[in-house]
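Work out the full structure: start from the sequences and follow the hints.
In order, the protein sequence lines correspond to chains A and E. In short: position in the first sequence from 1, add 19, done, that's the numbering used here. In short: position in the second sequence from 1, add 16, done, that's the numbering used here.
Keep in mind that the hints were calculated from the coordinates and are not lab data. Every value quoted in this text rests on a predicted model; they were computed, and no experiment measured them. Incorrect hints may have been included.
To be verified - Quick partial rundown of chain A residues pointing at chain E, CB under 10 Å, derived from the structure:
| # | residue |
| --- | --- |
| 1 | Leu83 |
| 2 | Leu89 |
| 3 | Lys184 |
| 4 | Ser232 |
| 5 | Arg306 |
No residue lacks a Cβ here, since even glycine has one placed at the ideal position from N, Cα and C.
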Amino acid sequence: MRPDRTPQEALDALDLEVVHRSVQELHGPLLVVSGATGVGWDEFATVRSVGPDGGQELRHGLVLEVDGDLAVVQVLEGTERLSTGNTRVAFSGRPLRVPVGPAWLGRVCNGRGEPVDGGPPVLSATTAPVAGLPLNPTHREPPAEPILTGISAIDALTTLVRGQKLPIFSVAGLPHLELAAQVAAQATAGGEPFSVVFAAMGLTHADADMVRSVLEERSAAGELVLLLNTADDPVIERVLTPRIALTVAEDLAFTHGRHVLVVLADMTSYAEALREVSSARGEMPGRRAYPGYLYSDLASLYERCGRVRGRPGSVTVLPVLTMPAGDITHPVPDLTGYITEGQVVLSPQVHARNVYPPVDPLASLSRLMRSGAGAGRTREDHLDLAAQLLAALARARQVGELAEIVGSAALNATDQRYLDFATRLERRLLDQQRSEARTLDDTLDRCWEVVSVLPVRELSMLPSRLLETHLDGRR
Amino acid sequence: MTGGRVRRVNGPLVEVTGLPEVAMSDLVGLGAAGLPGEVVAVDTVSASVQAYESTGGLAVGDPVTPLGRPLSARLGPWLLGGVFDGLLRPLASAPTWLEPDTDQRDTGSQWSWQPAVLEGEEVTPGAVLGTVPDAGGLDYRVLVPPGVRGEVRWVAPAGRVTARDPVVDVAGVAVGVGTEWPVRRPRPVARRTPVAEPLLTGQRVLDALFPVARGSSAAVPGGFGTGKTMLLQQVAKWCTADVIVYVGCGERGNEMADVLDDLSRLVDPRSGRPLAGRTVIIANTSNMPMMAREASIYTGVTVAEHFRDMGHHAVVIADSTSRWAEALREFASRSGALPAEEGYPAGLPSALAAFYERAGRYVTLGGAEASVTIIGAVSPPGGDTTEPVTAHTERFVRGLWSLDRALAYARHYPAVGWTGSFARDAEGLAVWYARNGDPGWGPRRARMVSLLAEADRLGDLAELVGTASLPGRERVVLLGGRLLREAVLQQSAVDPDDAHSTAGKTTALVDTVLAVVDACTAAVDRGVIATEIEEVDFSPVLRAARETPPDGADGVLARRDQVLRTLAGLA
Ligand SMILES: Nc1ncnc2c1ncn2[C@@H]1O[C@H](COP(=O)(O)OP(=O)(O)OP(=O)(O)O)[C@@H](O)[C@H]1O
Ligand SMILES: [Mg+2]
Chain A
20 MRPDRTPQEA
30 LDALDLEVVH
40 RSVQELHGPL
50 LVVSGATGVG
60 WDEFATVRSV
70 GPDGGQELRH
80 GLVLEVDGDL
90 AVVQVLEGTE
100 RLSTGNTRVA
110 FSGRPLRVPV
120 GPAWLGRVCN
130 GRGEPVDGGP
140 PVLSATTAPV
150 AGLPLNPTHR
160 EPPAEPILTG
170 ISAIDALTTL
180 VRGQKLPIFS
190 VAGLPHLELA
200 AQVAAQATAG
210 GEPFSVVFAA
220 MGLTHADADM
230 VRSVLEERSA
240 AGELVLLLNT
250 ADDPVIERVL
260 TPRIALTVAE
270 DLAFTHGRHV
280 LVVLADMTSY
290 AEALREVSSA
300 RGEMPGRRAY
310 PGYLYSDLAS
320 LYERCGRVRG
330 RPGSVTVLPV
340 LTMPAGDITH
350 PVPDLTGYIT
360 EGQVVLSPQV
370 HARNVYPPVD
380 PLASLSRLMR
390 SGAGAGRTRE
400 DHLDLAAQLL
410 AALARARQVG
420 ELAEIVGSAA
430 LNATDQRYLD
440 FATRLERRLL
450 DQQRSEARTL
460 DDTLDRCWEV
470 VSVLPVRELS
480 MLPSRLLETH
490 LDGRR
Chain E
17 MTGGRVRRVN
27 GPLVEVTGLP
37 EVAMSDLVGL
47 GAAGLPGEVV
57 AVDTVSASVQ
67 AYESTGGLAV
77 GDPVTPLGRP
87 LSARLGPWLL
97 GGVFDGLLRP
107 LASAPTWLEP
117 DTDQRDTGSQ
127 WSWQPAVLEG
137 EEVTPGAVLG
147 TVPDAGGLDY
157 RVLVPPGVRG
167 EVRWVAPAGR
177 VTARDPVVDV
187 AGVAVGVGTE
197 WPVRRPRPVA
207 RRTPVAEPLL
217 TGQRVLDALF
227 PVARGSSAAV
237 PGGFGTGKTM
247 LLQQVAKWCT
257 ADVIVYVGCG
267 ERGNEMADVL
277 DDLSRLVDPR
287 SGRPLAGRTV
297 IIANTSNMPM
307 MAREASIYTG
317 VTVAEHFRDM
327 GHHAVVIADS
337 TSRWAEALRE
347 FASRSGALPA
357 EEGYPAGLPS
367 ALAAFYERAG
377 RYVTLGGAEA
387 SVTIIGAVSP
397 PGGDTTEPVT
407 AHTERFVRGL
417 WSLDRALAYA
427 RHYPAVGWTG
437 SFARDAEGLA
447 VWYARNGDPG
457 WGPRRARMVS
467 LLAEADRLGD
477 LAELVGTASL
487 PGRERVVLLG
497 GRLLREAVLQ
507 QSAVDPDDAH
517 STAGKTTALV
527 DTVLAVVDAC
537 TAAVDRGVIA
547 TEIEEVDFSP
557 VLRAARETPP
567 DGADGVLARR
577 DQVLRTLAGL
587 A
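Right, here's the structure in full:
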């Protein structure tokens with residue numbers, strides 16, 4: 020269809036609307052707009068351009084700086100094909116808000132929250148600012164109940180707690196996305212209303228398809244919001260994706276009383292988008308050229324998890340990130356670790372032994388497990404059992420290193436049992452099917468089965484009462 | 017256009033014009049809402065302001081109002097047991113979701129006023145005018161403000177008053193139960209005195225190995241998850257101070273909720289009152305406005321000084337000073353300041369020094385002996401302790417409790433490493449202990465230090481040649497090192513019996529391990545083979561800390577005797 024106006028006519032038409040300003044400069048993902056007096060910092064903008072055929076294109080932006088009559092705008096869809104002559108910018112008069120409410124459930128959208136499932140735009144009478152507002156710390160309720168994932172490695176040893184932020188640290192080539200998708204598909208909150216908001220950033224199409232198919236059932240049940248930004252989607256859009264996800268999640272949790280699990284995958288791609296904007300602005304680069312405010316920026320996302328006193332519902336955040344070259348001191352995992360409440364670490368060594376999920380239990384830790392597991396929350400024996408498994412695994416690892424030097428034949432009988440224990444732990448407890456959801460009882464019974472490999476005198480962290488009830492039948 | 021106007025907004029950096037009379041450190045109100053901001057640079061046409069609230073929506077041309085006063089803390093009886101943001105605004109009366117706010121949120125609460133002076137008396141700065149008996153768990157004194165002296169012209173009778181009511185008129189100056197003080201200016205004192213007595217923390221690795229004196233300073237560097245927050249929270253709960261100011265500076269909201277929860281449940285073993293009543297919490301979590309994080313450190317010390325001036329021993333705990341330094345860096349980079357090391361402003365070392373220098377043991381204006389101790393966490397990026405904040409902090413503190421990733425990974429908590437830590441107060445405190453009935457403290461510490469170092473050295477050797485090929489005496493050293501680490505230094509923060517340890521119990525545990533090591537050495541010397549010694553059941557000693565109450569020195573010594581008997585029986 021041929022547009023009925025020439026490009027110039029289209030631009031002139033835009034200019035008739037007084038709110039539109041012209042662009043003075045383009046630079047990476049940034050636009051500098053002149054005549055922008057009165058525009059506020061962090062305001063939302065719409066960017067319209069007219070193509071050579073006179074067709075209009077609509078993009079979106081956020082104000083990064085206002086200086087005199089100039090405004091610097093980052094364009095979410097990138098600045099490709101924009102020129103100072105063919106582009107006009109309009110400002111909305113306030114920071115970006117998105118519609119919130121249960122209408123999001125069951126929907127699949129792009130990284131800016133526009134439907135890609137063929138449905139109508141998500142509409143709602145209520146909107147909320149995507150930047151969110153800080154939760155008053157005195158109104159926070161300390162997290163205290165588990166989310167069960169049906170995955171033994173997590174449920175038994177690094178229990179996920181409602182209101183916690185617990186990242187998965189991985190390296191390229193490991194099945195972290197499969198794990199995150201499986202958690203998202205299987206997780207439950209003790210029969211209370213539960214939803215998942217899955218924000219995918221920079222995923223390949225194959226990965227995105229995998230996520231969609233694993234989560235199909237949950238989506239059909241109206242328990243899932245899926246935001247998809249794929250590797251070939253605009254990079255800068257990723258700055259917005261997790262914020263939309265969290266804004267929607269906060270509303271589902273604290274207005275509608277649901278327990279919401281927010282999966283953010285992959286945060287490394289998010290941080291790269293942030294770095295790109297920062298470098299286009301000529302900001303002082305910090306470690307590995309990431310901006311100095313990366314900590315605060317990540318915190319402004321992760322800290323949106325939690326529980327609110329006197330309200331049902333919770334927001335739990337599960338960021339997934341790949342450590343470039345497996346380096347845990349890389350700024351993205353490092354700063355994430357400084358904000359989150361523990362970490363689940365995947366290990367190439369465990370993966371090489373064909374264990375799924377390839378969790379390294381010793382490097383992993385759920386800092387809130389103490390309050391979210393045990394009597395009245397999971398099971399009475401859970402915390403002692405987990406502590407014993409980890410202590411024994413630490414010992415087994417030392418024995419394993421020794422065995423590499425002296426040969427396993429030279430080990431004494433107890434040490435041999437430790438090696439058996441480590442193998443049994445991987446095979447019987449950690450390893451499971453990608454669609455297998457284990458009950459908590461199954462998981463904890465497997466734990467007992469694994470510790471029973473060790474002589475009772477080695478189980479000093481388990482009270483004798485528990486040893487009697489759980490080990491008697493096994494010996 | 018008249019008056020001040022916004023000219024540029026870049027996050028928390030706001031440039032304003034049209035305020036020729038504005039001075040450095042003045043507060044201004046930004047925009048129609050009057051959001052608080054502080055002037056940090058001035059030139060002939062404009063001023064740079066750091067905004068203490070989110071500047072979302074603030075536009076060029078918006079009005080700016082000079083407030084004509086510096087950033088000040090509202091100090092008063094409402095502080096104890098309360099939770100405040102970085103500008104010391106009470107959070108209890110704030111909404112669930114924190115919108116940018118200008119209000120000081122004075123709740124209008126009433127306090128009991130008990131006068132201690134009579135009309136006609138002559139008073140000088142720092143003198144006690146009266147008390148507020150219902151202000152938390154300690155003696156809250158209303159003082160003559162610095163710079164005010166003369167005749168007491170009027171005294172309100174004992175009774176209920178609000179923060180706004182004057183209670184005394186000193187030479188024409190109305191004094192209330194509360195006061196204000198600019199946070200960046202140290203409150204005046206009569207003089208500094210040398211630090212003397214220990215601040216007991218209830219944490220064995222600190223009290224026995226890396227002690228800190230009242231009025232001293234210490235830093236806790238450590239990578240993520242090494243246990244900084246747990247250690248600082250333990251110190252906040254159990255240390256022998258009168259007032260604790262706990263500054264959550266750019267850290268987690270859930271942690272603040274947790275501290276609050278704990279403090280309201282726990283009872284101070286010394287006073288028998290709830291711990292919350294001696295604590296002031298300043299919570300500026302990582303998602304709250306960044307520049308208020310910068311201010312929160314100063315706000316915290318100012319609160320501590322306020323209680324110090326009443327004659328109390330105060331402790332400021334800041335978790336984490338790295339987040340404060342990052343706020344400095346962030347602002348400096350937005351305002352185009354020339355960066356020094358790793359982008360931090362060149363003023364970082366002096367800012368750190370000035371902060372830690374506010375710690376000290378003092379004679380107050382009123383003549384009381386009091387102190388402010390400062391303990392700060394440091395979060396080095398990538399765990400790299402050569403980075404600027406860690407490196408400079410080390411220069412200015414008297415104690416360094418370095419958390420070791422390897423220890424934390426092995427679940428050895430608190431993961432205070434004995435090689436990377438130091439305590440410059442240790443020598444002076446040994447003298448204090450000797451004068452106060454424990455001459456063994458210094459020698460005990462020296463033996464622990466050398467046993468740990470020797471055990472580490474032999475441990476490395478054993479990894480190469482195998483333990484079996486070491487002589488018996490050296491194997492006893494290895495064993496001794498392990499006993500010291502597991503029975504004394506490790507301490508569970510989550511076990512109620514172990515979470516804190518009285519000086520008596522700590523000493524008993526150290527003495528027990530040293531006596532056991534001596535007995536093992538004696539056994540080797542009389543020909544017992546090392547393997548036999550290593551197989552002795554040391555678990556009574558290893559479990560002593562967890563299985564005796566916090567003041568259970570007797571129970572510990574009974575276990576010592578049990579193991580010593582076993583060792584004596586080895587032929
Ligand atoms: N004394 C202790 N007793 C028992 N567990 C501890 C102790 N110290 C630390 N831990 C364990 O280590 C975890 C991390 O500790 P903590 O939160 O203090 O780390 P951190 O150094 O403050 O980390 P970050 O820099 O990320 O804030 C705790 O959740 C707890 O599981
Ligand atoms: Mg911490």
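How the hints compare with the structure:
| no. | hint | result |
| --- | --- | --- |
| 1 | Leu83 | 8 Å, holds |
| 2 | Leu89 | 9 Å, holds |
| 3 | Lys184 | 8 Å, holds |
| 4 | Ser232 | 34 Å, violated |
| 5 | Arg306 | 6 Å, holds |
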